[in-house]
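Peer 1: Please model the entire structure based on the sequences and the hints provided.
Each chain, letter by letter, is given below.
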Amino acid sequence: MLLSFFEWLEASSLGVFMKDLPATFAVVEAVHLMGLALLGGTVLAQDLRLLNVIMRDVPSNVVTEQGHRWFKVGLWILLLTGVPMLAGVATKCYHNPFYWTKMIALAVGILFVFTLKQPLLRADHATLKPATLKLMALASMSVWFLVAASGRWIGFSG
Amino acid sequence: MNSALLQFATWLSERSFSVGLHESFYMYNWIETTHVMTLMLSFGMLAIVDLRMLGLAFANVPASKIAERLDKPMLIGFTLMFITGILLFTAIPVRTTQSLWFRIKIVLLIAAAINAWLFRGYLLAAKGSWDADAVAPRRARIAAGLSLALWCGVIMTGRFIAYDWFDCGGDNPAFIDWAAGCVAAE
Numbered sequence: 001m002l003l004s005f006f007e008w009l010e011a012s013s014l015g016v017f018m019k020d021l022p023a024t025f026a027v028v029e030a031v032h033l034m035g036l037a038l039l040g041g042t043v044l045a046q047d048l049r050l051l052n053v054i055m056r057d058v059p060s061n062v063v064t065e066q067g068h069r070w071f072k073v074g075l076w077i078l079l080l081t082g083v084p085m086l087a088g089v090a091t092k093c094y095h096n097p098f099y100w101t102k103m104i105a106l107a108v109g110i111l112f113v114f115t116l117k118q119p120l121l122r123a124d125h126a127t128l129k130p131a132t133l134k135l136m137a138l139a140s141m142s143v144w145f146l147v148a149a150s151g152r153w154i155g156f157s158g
Numbered sequence: 001m002n003s004a005l006l007q008f009a010t011w012l013s014e015r016s017f018s019v020g021l022h023e024s025f026y027m028y029n030w031i032e033t034t035h036v037m038t039l040m041l042s043f044g045m046l047a048i049v050d051l052r053m054l055g056l057a058f059a060n061v062p063a064s065k066i067a068e069r070l071d072k073p074m075l076i077g078f079t080l081m082f083i084t085g086i087l088l089f090t091a092i093p094v095r096t097t098q099s100l101w102f103r104i105k106i107v108l109l110i111a112a113a114i115n116a117w118l119f120r121g122y123l124l125a126a127k128g129s130w131d132a133d134a135v136a137p138r139r140a141r142i143a144a145g146l147s148l149a150l151w152c153g154v155i156m157t158g159r160f161i162a163y164d165w166f167d168c169g170g171d172n173p174a175f176i177d178w179a180a181g182c183v184a185a186e
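Chains as they are written, first to last, in UniProt numbering: chain A, 1 to 158; chain B, 1 to 186.
In case anyone wonders, no lab produced these hints; they're calculated from the structure. Every residue gets a Cβ at the ideal spot worked out from N, C-alpha and C, and that includes glycine.
To list a few chain A residues with every Cβ distance to chain B over 10 Å, as calculated: (1) ASP20; (2) PRO97; (3) THR101; (4) THR115; (5) ASP124.
To give a feel for the contact side, a few chain B residues facing chain A, derived at Cβ under 10 Å: (6) PHE25; (7) ALA47; (8) ILE155.
Peer 2: If you want it as structure tokens, here you go:
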């Protein structure tokens, strides 16, 4: 059932377009990396601020509010380039354990940011327990590291 | 010059640590992964500073404050990029030396460094003038836009090194082989 969806995706015009020229995939892949830098940069800026490592004299509420705006831009870039990349090599991904690791981590990451982290951080950070803020930051960095690293490893195996 | 570079690359490729890096599946791939992950720290922080100059992020925080506070994490990022980059070159020296994309990447890196250097002096002089403005003056915006564009070029050409489109010995036009510095086999 699931495999047939991946086969359909690869045979779709999007999948054919991504495979037709080797340069198409490479360019989309490079833009995907730019999105990664933006998403990862805003995650690190927010989380290292919550951990009191950087920008200590900028209010953490300002950093997470501004960081989240550009996090969303990064996420859109990654999704809009990630789907065509998947279409180009869908059946390969279906059999790749790193792909599934990444997808599960990505789902956890998106749910974590939009249902837990962001709603909580919209409150005045002075009213939140410091331990809560720090745990939130550590969890966020861990999950996005896993998404990015397992993503890179899709290409290393088979 | 190209044959001297190739000579050095060939010498390097015969060292045992080069062979070791090249042949170690996990070592090589983790260095590569670290190189890519560190983009988040280097390019990520740089992008935030540039977006501030363009008035698109942290408009209510002084520009010099954002630039100064993110300077250290950004430089840590660039240092890690540099170290892992040297290791990646060490693992595959001959092919990389004759890679068109690697050569373009180095040129873009030098251009980005000059741009950053010129901009640094301009920014230091900003304190007390446009520092608190939501949008920086034209010159700062041009430098920020240029910085973003150059680094996107660095990322793109860096990723293209892995592809064999214009490898020496392939069916390339003469100017491509010239730009890639292909040395004819003796």
